[in-house]
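Take the given structure of chain A and dock chain B to it, following the hints.
Residue numbers (numbering that gives the first Met the number 0), protein chains in the order written: chain A, 0 to 140; chain B, 0 to 387.
These are computed hints drawn from the structure, not numbers from a lab. In this text the structure is predicted, and so the values were computed from the model without any measurement. Heads up, the beta-carbon is just placed ideally off N, CA and C, and yes, glycines get one too.
Stretches of chain A that chain B covers, calculated by requiring three or more beta carbons in the stretch to come under 8 Å of a beta carbon on chain B: (1) 54–66; (2) 84–91; (3) 113–123.
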Amino acid sequence: MQIEPYKDVYYRFKNGKPYLIGSKCKKCDYVGFPRKVVCPACVTNGSMEEIELSRSGIIDTFSILHVAAPGFSVPYAVARINLPEGPMIFSMMNLPQSGRAFEVGDKVELVVGKIREDEKGDEIIGYKFQLPEARQEGEKR
Amino acid sequence: MRKVAVIGVGLHAFGRFLEKSLSELGRVAVWNAIEDCGISLKNIQVAYVANSLGGLVTGQEGIRGQVILRDAGFGGIPVINVENACASGTTAFRGAWLEVASGACDMALAVGVEKLYLPKTADSIRILSADSDISLRDMGFQFTAHYAMNLRKYMTQYGWTKDHFAQVVVKNSYNASLNPYAQHRTPLSVEQVLKSRVVAEPLHLYMCASMGDGAAAAILCAAEEAAKFTRKPLIEVAACALRSGMFKRPADSARLNIVALASQFAYEQAGLGPKDVDVAEVHDAMAPAELYHYEELGFCGEGEGARMVEEGRTKITGDIPVNPSGGLAGKGHPVGATGLAQIAEIVWQLRGEAGQRQVKDPKVGLIQTSGGWVENDTAAAAVVLLKR
Numbered sequence: 000m001q002i003e004p005y006k007d008v009y010y011r012f013k014n015g016k017p018y019l020i021g022s023k024c025k026k027c028d029y030v031g032f033p034r035k036v037v038c039p040a041c042v043t044n045g046s047m048e049e050i051e052l053s054r055s056g057i058i059d060t061f062s063i064l065h066v067a068a069p070g071f072s073v074p075y076a077v078a079r080i081n082l083p084e085g086p087m088i089f090s091m092m093n094l095p096q097s098g099r100a101f102e103v104g105d106k107v108e109l110v111v112g113k114i115r116e117d118e119k120g121d122e123i124i125g126y127k128f129q130l131p132e133a134r135q136e137g138e139k140r
Numbered sequence: 000m001r002k003v004a005v006i007g008v009g010l011h012a013f014g015r016f017l018e019k020s021l022s023e024l025g026r027v028a029v030w031n032a033i034e035d036c037g038i039s040l041k042n043i044q045v046a047y048v049a050n051s052l053g054g055l056v057t058g059q060e061g062i063r064g065q066v067i068l069r070d071a072g073f074g075g076i077p078v079i080n081v082e083n084a085c086a087s088g089t090t091a092f093r094g095a096w097l098e099v100a101s102g103a104c105d106m107a108l109a110v111g112v113e114k115l116y117l118p119k120t121a122d123s124i125r126i127l128s129a130d131s132d133i134s135l136r137d138m139g140f141q142f143t144a145h146y147a148m149n150l151r152k153y154m155t156q157y158g159w160t161k162d163h164f165a166q167v168v169v170k171n172s173y174n175a176s177l178n179p180y181a182q183h184r185t186p187l188s189v190e191q192v193l194k195s196r197v198v199a200e201p202l203h204l205y206m207c208a209s210m211g212d213g214a215a216a217a218i219l220c221a222a223e224e225a226a227k228f229t230r231k232p233l234i235e236v237a238a239c240a241l242r243s244g245m246f247k248r249p250a251d252s253a254r255l256n257i258v259a260l261a262s263q264f265a266y267e268q269a270g271l272g273p274k275d276v277d278v279a280e281v282h283d284a285m286a287p288a289e290l291y292h293y294e295e296l297g298f299c300g301e302g303e304g305a306r307m308v309e310e311g312r313t314k315i316t317g318d319i320p321v322n323p324s325g326g327l328a329g330k331g332h333p334v335g336a337t338g339l340a341q342i343a344e345i346v347w348q349l350r351g352e353a354g355q356r357q358v359k360d361p362k363v364g365l366i367q368t369s370g371g372w373v374e375n376d377t378a379a380a381a382v383v384l385l386k387r
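Bound-form chain A, shown alone (with noise of 0.2 Å):
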């Protein structure tokens, strides 16, 4: 069984596909995610407004990890993210079944699909980011 518990929480479908759910202050601009509602930057209580954040970023710095918590399968990729809109977030990346491996730098896009299992073996979907011209496995559309 699937289970999607940050579904609506952390990113949404349009049209068939992915998108994160960030906020944007009305007062300043600061652009967040996850959503806020008191804003960081200029500490408005309520400023902050829902937007859908790009669908691709670049690569800051990523790492592979060998060892892992139980229900995560070893190797796995994290990596932070740049968004055009500013924030810079933690994902989960989709290893290359092929090609070459992400470097800094790459860009990359944002799907969604398997990040672990729960105690029970169902899988846990959440977002995770890959290369675009890369053939991928366990991709959920």
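Just chain B now, kept in the frame of chain A:
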């Protein structure tokens, strides 16, 4: 605010102690600190007890401090339970310092205790990762990955290499080999470090702190009263800074992050600068992180950390020795005890009691502890300056 002195410090050795309870580890550290200064337990008027993950590890979710101190012989005095991830011990130290500095009491105890080893390492990783925002943990965040990502940025921007990272481990594993309280007491070579398995690219196993069990304690006293209790050199708290992350987009420069800001605040409070620091204990949960802490603390310019280790400047014999105890990766990192163990090492160094690890005649020592991770920033950043 009154002047405050650290008059006693003590540790329970760091390592793997599956059979020992939090209380047993804590009792040993507390009584070592009491015997270090020769006071009576009854002189202690308040206790701050640091522990981060004992609730998850043992099931004792509440009042861990009271349970731990009961077995050490305490009763009646106020006990304050402190949790601030890896900075829990330093945060407890700050509480004890404020009690004495404010005049609320003359003598206070800070003790940190932690047990992280479980039969399955994966369970320890899951529990340890609860010191980050767990919504990130559940999407794959781990502290090894966090440090690995930070260090990859420096490799990309400044040409730091895995060889530099291994040189830090060579230095700190040698220091730890001289430390009777350390978890890992085997000096390692560059080749051994780079041949150990990759844990989180670009980090290898021997670059990373293991899970750890242990305890550390410090006794603080009003400086004007201290001579009544101890004949040892008085070690004064020159500054004690604690900051929480900004939780916004991260700053581009190391000079602007929360660790750097906490250190700037501490230097101002003490009326000292980075050049006055003679010895430092910094938070190298993954040993190479030491390199960027050098610049956050003002010991070198941006990107110059790798050159500091290349030139041997941070060895025990260098001009700014860092982590003479072995650091977190060498000495061990039982989370809640870590900050107080850093304090203990600097106290020993300033008194001239550090044995084979002794730095030449230090007068000012710095302690830096980073705790937890929440959305692009360290959750708790502490910097303490001690002087003789």
